[in-house]
Amino acid sequence: MEQVNQGVRENVYPQAAQALYRTLSQVAISAVTPLAAVIVALACGAALLWLNGFNGSDVVTVMIFGSFQDMRSVGEILLKATPLILIGAGLCVAFRCKIWNIGAEGQLYVGAIAATFVGTSIDGLSVWVHAPLVMLAGAIAGAAWAGIAGYLKVRFQASEIVTTIMLNYIAIILTSYLVTGPMKDASAAYPQSARLVREAWTPRIVSDMRLHVGILVAVVLAVALYIFLQRSSRGFALRVVGQNPHAARYAGMNVGRNIMIAICISGAMAGLAGAFEVAGVTHRLYQNISPGYGFEGIAVALLAGNNPLAAILSGGLFATLRSGSEVLQITSQVPQVLVLVIQGIVILSVVAFAKLRDIIRIVA
Amino acid sequence: MKLSRRTFLEGVAALSIAVSVPAMAHAEDLKMGLLVPGSVSEEGWNRIGYNALKGVEEQLGAKISYVELQQNPASFEKAFRDYASQGYKVILGHGFEFQDAALEVALDYPDTYFLISSSSIHEGNVIGLNTDTSQPFYLMGVIAAKMGRKAGLVGGMEIPPIQQAFAGFKNGAKSVNPDFPISEAYIGNFTDTTAAKEAALSMISQGADFVVPNASGATVGGYQAISESGPDVRSFSIFSDFTPVAPNNILGLYVADYAQGVVEVVRTIKDGSPPTENVVFGLKDPKVMSFTFRDDGPVSVPEDIRAEVKAISDKIAAGEIKTGE
Amino acid sequence: MDDMMFLTFLATLVGAAWRLATPLIFASIGEVFSERAGVLNIGLEGTMLVGAFCGFATAFATDSVLLGLLTGVLGGMLFGLVFAFFTITIKADQIVVGAALNLLGMGLTAFLFRTYYVSTGKGIEIAQPVHIPWLSDLPFLGEAFFQQNLIVYSTILVAILATLVLYRTSFGLTLRAVGEHPKAVDVAGRNVAAYRYGAVLVGTGLAGLGGAFLTLGHSNQFVEGITSGRGFIVLAVVVFARWSPIGAFFVSLLFGLFYALQLMLQAQASIVVPYQVLQALPYIMTIITLVVVRGKGAAPGKLGQPYEMR
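Residue numbers (my numbering), protein chains in the order written: chain W, 1 to 364; chain F, 1 to 325; chain H, 1 to 310.
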């Protein structure tokens with residue numbers, strides 16, 4: 001039946017258009033639940049504001065539209081989206097392999113430390129060498145930090161949920177030690193590292209905006225991870241290990257190695273995000289380099305249904321919410337932490353709608 | 001006192017309508033924005049910035065707004081820009097960490113004044129406002145060394161405003177007795193009130209009888225420990241009035257009326273003669289920094305020590321004693 | 001340090017350790033119930049914050065610590081109900097829902113606190129240490145063990161009660177079976193979902209109590225993020241304790257001990273190690289102990305897996 005249909009269509013549409021049609025309808029279907037979830041979450045946010053004496057419609061008029069005033073504010077959203085997309089896309093890989101890496105925050109910090117070290121201790125390189133070197137350092141450090149948890153899981157069956165959380169604390173404390181001690185800027189009283197040398201800075205896209213090429217790197221890597229997961233044999237192996245480790249082992253796959261690869265990819269992405277925060281945004285290491293991007297990245301991956309391609313969109317959405325929540329406080333004095341509530345509800349609604357879709361599918 | 005933000009905002013709205021009518025006569029209203037790295041609901045650092053903002057509103061009739069950012073350097077620049085682009089004349093970044101971002105944005109908004117708390121910068125329209133806490137803490141150190149056997153200092157995180165204060169305390173104590181023992185501990189955050197409490201308790205059990213906590217929102221935990229340890233442990237109330245928490249232990253109050261200082265600086269900006277260098281508030285500015293003794297408590301500082309402290313305070317105000325590092 | 005000094009140091013240390021361990025004890029024993037029934041709740045940080053906030057808000061309005069504790073528990077259970085609905089009824093992934101609840105708990109408590117408490121002044125009257133005649137006055141031992149408030153003492157009761165319920169009642173037996181062989185329980189005609197709901201509610205109720213202790217029994221103020229990561233530490237405690245309530249009690253104490261030691265050693269001028277090393281110690285120790293007590297032997301067989309009814 002299906003073949004007949006296809007045969008008929010083939011005469012009408014050229015093959016490429018047909019493929020496009022199929023992909024688009026797939027995207028449309030899979031976009032419905034996250035969209036509905038976002039609408040529910042915004043409605044809940046509005047209700048919360050209304051209940052507490054604020055203006056509920058601000059959630060849309062100020063929080064969403066307010067963040068798209070001009071090119072610069074869009075640039076600021078993309079700037080916030082960069083770490084979220086990187087971390088979110090990386091975590092998609094780990095979560096697909098059923099590795100619960102809760103430690104992206106710590107991996108981000110370690111990446112930032114390594115980037116700072118390479119960006120401050122070397123001088124005289126060209127920007128073409130130094131800037132990528134800084135990124136690489138961040139990615140390697142992040143991967144190594146995540147690799148500790150991976151190794152402990154593979155070798156000692158230590159729960160990665162627990163070890164990655166512990167490694168978060170250790171990385172943050174380590175940063176605090178470094179910027180008050182060995183890496184402290186000698187010329188300043190404040191706990192911050194020296195400024196990275198110019199050549200180490202991540203180049204900006206437009207010279208008078210803060211947006212840097214990190215956003216392009218993030219998008220490209222997210223696409224690459226999507227292709228890796230869907231099209232490569234290694235990506236396939238990761239997914240099988242995630243779905244059924246026993247079957248994977250039975251099929252001769254090295255479960256431990258796949259776990260290590262998955263967690264290290266997610267760690268590298270988080271480390272890279274940390275490198276961009278230092279080399280692209282602050283140009284120094286501070287004690288609080290991340291406002292919780294590592295934890296928010298978990299939500300980004302979940303909203304994306306563990307699909308790195310979709311993480312680009314969900315990362316952009318979360319960045320918009322975060323940016324908008326600041327505008328909301330400035331204009332309407334709504335506590336900015338509202339964004340956490342909305343993010344939490346987004347995840348819960350995604351879960352609920354996915355279930356609803358399953359039920360509808362079964363009934364239909 | 002319990003005041004919900006809702007009633008508070010309504011009050012502000014009513015008030016601003018009331019004042020805006022005569023203010024219409026002015027060519028433009030003064031608008032002031034505030035960036036704080038945390039919640040203004042806690043008795044601590046962020047509240048001080050908020051009070052300054054309120055002071056400017058009440059005394060200069062400014063339109064005000066504030067934003068509570070998480071401690072995230074990446075968001076600072078955008079917040080400055082948001083305010084500046086909306087025509088805010090003065091923006092106070094409450095903490096040294098705002099300095100780099102302000103410098104960046106200031107280039108694009110030469111007519112806006114960027115005030116930075118706890119900073120000693122002065123570059124064009126970016127002006128640092130530093131309250132030299134080492135001065136009152138120096139006096140506390142003197143009192144501790146004269147009245148106590150051992151002192152304990154509980155800090156939040158190792159950042160300049162706190163290091164500066166503790167350095168002042170140690171210098172003051174050493175000026176009386178070079179061997180006066182002082183122990184110091186940092187809880188590593190500004191949220192864990194229980195850690196501040198336990199750190200203070202442990203110092204007290206190890207013989208400290210003069211304890212001063214300085215950990216922003218978590219500070220109150222330290223006073224609680226002091227209060228629970230009986231009247232033999234002495235302390236000073238810092239920044240806010242903590243005497244209700246430890247009524248039997250607090251000898252006096254160091255209250256920083258940062259608001260007064262900020263109001264004066266903003267007034268000069270409003271009048272068109274902004275400060276030409278970075279601003280340092282100290283004991284020389286009694287309106288900003290008040291150091292007073294309590295007489296209603298069960299213990300109080302004897303008259304002879306008060307006289308001595310007064311003399312030292314005058315010398316500090318005159319610049320004859322260096323209190324910091 | 002001479003002997004007397006050392007004894008004082010030790011007595012203070014143990015006393016502080018017990019107080020610092022109390023929220024961990026409540027929450028980890030609760031999580032033992034939940035995990036024994038096969039439900040892994042990583043949303044404890046948010047749950048504890050809800051307990052801390054509800055407890056504080058109630059005591060602030062009514063001046064009653066007891067009412068505060070009660071609403072702290074109820075707040076935790078209400079949060080638990082959301083968790084249970086999503087993970088047991090809808091069968092959503094437990095990690096996903098837990099992560100969402102952490103965001104929700106942090107966001108909601110901070111939002112409400114910032115909205116309604118512009119100033120909390122001197123805070124609330126908290127539970128006071130009880131004086132036990134003779135015992136409290138013992139040298140050293142008195143300070144270490146007998147100068148705590150009732151909430152701290154109740155941790156012993158909770159640990160014993162939890163052990164009895166888990167190992168000596170049919171509810172406990174079934175609950176453990178639900179975590180190991182849910183199918184067998186189902187076949188025997190008992191409702192797996194109901195037991196899991198029960199376990200989650202016990203767990204989140206105790207987590208709420210742990211949070212409420214922070215604002216009602218230890219410090220007298222709510223501060224945003226007052227739990228400071230304790231909800232995550234609890235997860236480590238449970239694994240380290242091999243899913244036993246008594247184990248959770250002692251492992252929590254060990255964590256409390258590390259935490260107190262860290263604060264006390266900093267105050268010793270003779271110790272020159274950077275204080276951050278001491279701060280990191282509990283976390284490093286957790287990782288090491290996970291390696292040392294390795295193996296999944298004691299972990300509930302169906303931990304983290306939703307149960308599909310036939």
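Since the hints were made in silico from the structure, they are not lab data.
Note that the coordinates shown come from a computational prediction; the quantities given were computed from them, not determined experimentally.
Virtual Cβ for every residue (Gly too), placed ideally from N, Cα, C.
Treat each hint with caution, since some may be false.
Every beta carbon over 10 Å from chain F, so not counted as near; a handful from chain W, in silico [said to hold, decoys possible]: (1) Ser176; (2) Pro182; (3) Ala186; (4) Ala189; (5) Tyr190; (6) Val213; (7) Val281; (8) Tyr286; (9) Pro291; (10) Gly292; (11) Pro335; (12) Leu356.
Computed, partial: chain F to chain H, Cβ under 8 Å [unchecked claim]: (13) Ser65; (14) Ile121; (15) His122; (16) Gly124; (17) Thr191; (18) Leu201.
Hint numbers the structure violates, sorted upward?
Violated: hints 1, 4, 5, 7, 8, 9, 10, 11, 13, 14, 15 and 16.
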